[in-house]
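Student: Model the full assembly from the supplied sequences, consistent with the hints where possible.
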Amino acid sequence: LFQIVMLFSRSMGCRLLILVFIICTIRDAFSQEPSDMFWVSSECVDKNGKPQMCYPPFTSAAADRQVSATNTCGEKARQKYCIHMSTSGMASRCQYCDSRNPTESHFAEYMTDKNPNNWWQSETMADNPLLHFKESVNLTVDLGTQFHVNYVYLQFRSPRPHAMVIYKRFDDTSDWTPWAYFSSNCYTYFGMTYNVVPVFASPDKVICQEEYSTLQPLYEGEVIFSVINGRPNYDRFFEDTELQRWSTASQIKIELKKMHTFGDERGAEKDTLLTYYFAIQKFTVGGRCLCHGHGNECRPSSGPGQRDRLVCVCASSHHTTGDNCEQCTADHRDTPWQQATPGNPNPCRPCKCNGNSRLCEFDAELYDKTGSGSRCIGCGNNTEGINCDRCKPGYFPDQLQPTVCKPCACDPVGTMDGHADCAITGQCKCKPGVGGHRCDRCLDDYYGFSAGGCLAIALCLTIAWSNCSNLPLDHATAAVLEGMGTERYVIRKLDNAFANRMWPGGNVIRQSVELSSLVEADKVIINCPADQQPCSACLQKANNTKRVRCLSPTFSFNYTSDRQRIRVECNGTSDGILPCLCVKDPNQCPYCPTGWRAPQKDPRSEICTCPPQYVGKSCENCADGFRLDPPNGVPTDRCVACTCNNHSTVCHPKTGQCECQHNTGGLFCDRCADGYYGNALAPVGSSTACKPCPCPSGAKCEEVFWQDRGIEVVCTDCPDNRAGARCERCSENYYGDPTKGVPCKPCDCSNNVDPREFGNCDGITGECLKCIFGTTGKRCEQCLPGYRRNLKPANETSRAMNDTTSLMIPARGCSPCYCDPVGTLASYGPRGIAVCNPETGQCPCKPGVGGLRCERCYQGFYGFHTGQGCKPCDCDSIGAISEACDDRTGRCTCRPHVTGRQCDQCMAGHFNLTSVLGCQDCQCHPFGAKDRQCDAHGRCQCKPFAVGEKCDQCQENHYSLEAGCLPCPACYNLVQARVAKLWGMLESVFGPLRPDSKPESHSTPDDKDLYAEVKKLNDTIIALYRRVLKIGDKSSVVNPDQLLKTVEALAQQVDKVKLDLDETRKQGSVCASTTKLDTDMDKLNKEIVERLPILLSEDLQKVIDKLKESTESYQPDAALTNEANEVDALASRLSKQQQHLREISGTIGRLIDNATKQVTESEEAVMNSKKLLQISEQKADLITQKHTEQTGKIEATNELLQRTRDQVYQLKSGVDQIPDLRKEVRLLEGVTAQWEEARNTVS
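Under our numbering, the sequence shown has 208 at position 208, and the numbering climbs by one with no breaks.
If you're looking for bench data, these hints aren't it; they were derived computationally from the structure.
Derived DEER-like restraints, expressed as beta-carbon distance ranges:
no.: 1; residue 1: GLN427; residue 2: SER302; range: 58 to 64 Å
no.: 2; residue 1: GLU767; residue 2: ILE207; range: 52 to 58 Å
no.: 3; residue 1: SER302; residue 2: GLU361; range: 26 to 32 Å
no.: 4; residue 1: LYS943; residue 2: THR1184; range: 46 to 52 Å
no.: 5; residue 1: ILE711; residue 2: ASP670; range: 19 to 25 Å
no.: 6; residue 1: GLY860; residue 2: PRO116; range: 51 to 57 Å
no.: 7; residue 1: THR1184; residue 2: ASP935; range: 31 to 37 Å
no.: 8; residue 1: ASN645; residue 2: GLU732; range: 34 to 40 Å
no.: 9; residue 1: ASP748; residue 2: ILE711; range: 35 to 41 Å
no.: 10; residue 1: LEU917; residue 2: GLY860; range: 22 to 28 Å
no.: 11; residue 1: SER68; residue 2: LYS392; range: 52 to 58 Å
no.: 12; residue 1: SER302; residue 2: ILE711; range: 36 to 42 Å
no.: 13; residue 1: GLN1185; residue 2: GLU767; range: 48 to 54 Å
no.: 14; residue 1: GLU239; residue 2: TYR219; range: 41 to 47 Å
Capping the alpha-carbon separation at 25 Å, the derived lysine-lysine pairs in DSS-like fashion look like this:
no.: 15; residue 1: LYS114; residue 2: LYS253
no.: 16; residue 1: LYS258; residue 2: LYS76
no.: 17; residue 1: LYS134; residue 2: LYS258
C-beta: ideal position from N, C-alpha, C; glycine also.
Tutor: Here it is as structure tokens:
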């Protein structure tokens, strides 16, 4: 007891320090990763589509993985165990462990099943005395693939071990290496020094820790192994290969060596030993699946004969493969494989095979020499070489595709021996007299295409068939010349071997020489059917020139018959028979007026006398009861008696198949026939002879030996899709109940199961149990979340043409949605796969995002890369070419000379934005305008003394625009003063008329403006006159012609003045001859000012006539003075008439004002409606924008709430893991009280 108290006292002294250290370690192990890990992206391509380093998400690597244990309680029998209690006065609470009872089992996989109520437990020392003393308990977990492990966490259901070791395997083929040691006394158990603050000399240094091996707490104690935290280069993890290898593991083993006991384990009672055992509740491994930076996901993979494992989904842009993306794909091996790093993704480069192969091997030596390691495999297109860069022998480059080679196809007959190759142009090396690219014909003036080349003149073997080249040499008919130049011809039946040896040049078949002694001179051999006789073969007519095609299909020549060549009018059959020379009645043979060759019997048609086991004309077949040895041999093999094991006397002469009896079968009746079992070699009728199988009709059976049951007959090949020893159940992939008469039907799993797998469906109900290809449901007819149904064209034609526009029907399996996380609005499942519509595959997209996978913005939207959806481009309908814009910047495509993100502004120096031409050039004069820019009407801002819309003229009395519009001499001021006076007189009647007289004007009027105002005066007078006519008798002007003539005269005067002004302007600074112009100006002044009111008086016509007479002459008229006096006299009378006219004009003006007011009010109403509509549209856009903003805020709030929940859960989990100090204090107080009681008793 004293030792116990001292132990507890020592542990209490540093309990708080250890507690703080444990909490910090837990925080570090569970929440921290290498700092450069935060740089790593989950996307394997960057925003520009280029490869970048990527990594799978952090996960619990051991979750739901199988764990093997070398010792588990309850496997041998139902075993008892007891729990340590806090006070010795209480009876131990004991329970039982039994692997056969689910409520009492404690299997090893319970450590990783995420169920807090399950745990693994070993046997107790009472059941296994070797534990703790000689035997350790090993727990092994297979992670399924290599992981970069961050931590290993164990939570015990028993006191933590006194000593334990964690091992790892780098990969499945490596040896176990120690990873970490744990002991309450590192030096005693492992000979290692313990440091409270670990010191690492290297990244892979193995240390021993003591803080996780104390006796307390008795239950729910933790062991945390932080793999990489605090080690050298922790913050540069991806730059230190040694640290990466240290953290990599595919399997982890926990060796539990020593238990924590109270020192009473030797010789203790059984009740005490029942409390000593190992028990673990949680076994967690945190890390990332190792894909070497080339993949961002690991998926489970399994198959027949394979263990469950994880494989990386390697990024296609990196072109890597393998379970861990540890090698380049077969078509990308130009460079050595390298692991991706934050600075370099190191994607594999494609094979350099010139398009003639997709596969290559990496050659390190070649790479060191040339910088390219591609050694291509399986070069296609008739190429060879390291890079498939040259043609094979017998091939040449295609001129249209130089990297593709075409066969030389040199004719072996016409090509020089040993020269199958051709030149780079495809020309073969021909024999003498032979031509063509392929050496397949004779040159001009040559003939006799043969193996010796072509000859100028030589004997040609001719056969008078219609075309010798069509002779079927691959059949049994052939024509043979018996000796060159002997004039003897033979038509003979030969076998295929002989016929195939005849070549197109017509050489003699050497096999015919040995029969020459049997051939009669001047006779031909003609084969006919047995019931027919051969006729004589007629000779050719004399002096008959005929063009004959030789056996070479490319050569023919003319020859003159010498009555020495035979004539055959028909082609031979495949049996060598000439129908035209074979008749049943000899009298039917044709008459030969030019001579003939008599037929001869075929010398090979002899009759053989055969031994008993042979039959046939040449003894080529086996007799009945005999067969070839070996079976299916050649005719020259020997014939032996049939081997039928006394079950038949007849067999097939070639194959040896016996006609078996007595329920036997097989080639030699050496087994029982189908549907029978027994010993086929046993005597007929004996008990072991073949007898019917005890199976349904049509089923076979076999005798099987069972160790516990002896020999039993088992049915095989059960009919009707049944299986079992007696065909009592349905076969795999079928369901039903044959014992109850329910037939076996195929399991309908929509073709979404592996037919090689067992247990795909329930044998009774037919429910599918092992759906694959991303399917689920009782019939595997539904897609898993995150998958969509595969489709295929409804007809084979569309499928062969890859036509996706035709009708599509469901196909086998489902495919992952592959929703783009940037544009998808859906939440993600447990495997990181977004949920899409299972039928269409459409992913739920964020605002403005489109595409089946939400991978792009809609037309007219931009900003996909932001991950917040896409915004409208709002391209100006006039200034933009289309509604589309740049996906990243939102800049629209503008028309010429248009600028702005939305194409709603003109460029500098342009104006008038239109939908056809864009903006027009202001064309401001470079010397006259202040700058290039003009106003909305195209008017440029002019420099002083420059005028015109484009500032391309100098104002009056100025010249030389380039020099800045210099002033003219003073003499020109007189002309300008006269023009200004006329303007003043016009404006005194009609108000401001000149552009320079208006407040907003900055220009100076010229003579053109004066002419325009005079014309306007003319139009005004005409309009007033017409109004007066409508008034009636209130007006004194009643003759329209009178007023028109007056106006015409006045217009003529104005034109005259304009001409004079133009002439003066052209003269420039010359001021000569201005007297007459001044006179004319004075006359016009008087006529406008003094006589214009007379136009409205009763003497209007008279005054106009006088004015016209005076203006027609250019000489001063003294009568004008008198006319002026008369005008003054008439002024009083005219004033009354003018007053009356003003009243009438006022009435008309008020009517016009009322009408104008109504039109204005209507226009204002229309404008107000338009404004209201624009305001409504703006409000709608504002509401839509606010809705989008609120939606984004809601989503952000939801994400914040979720993160908060996760943080609260982690905090709660951390708090739950803190030991209950109050419980431990009470325990210490109880022990202290016991110690005091014991001490008092002793004293």
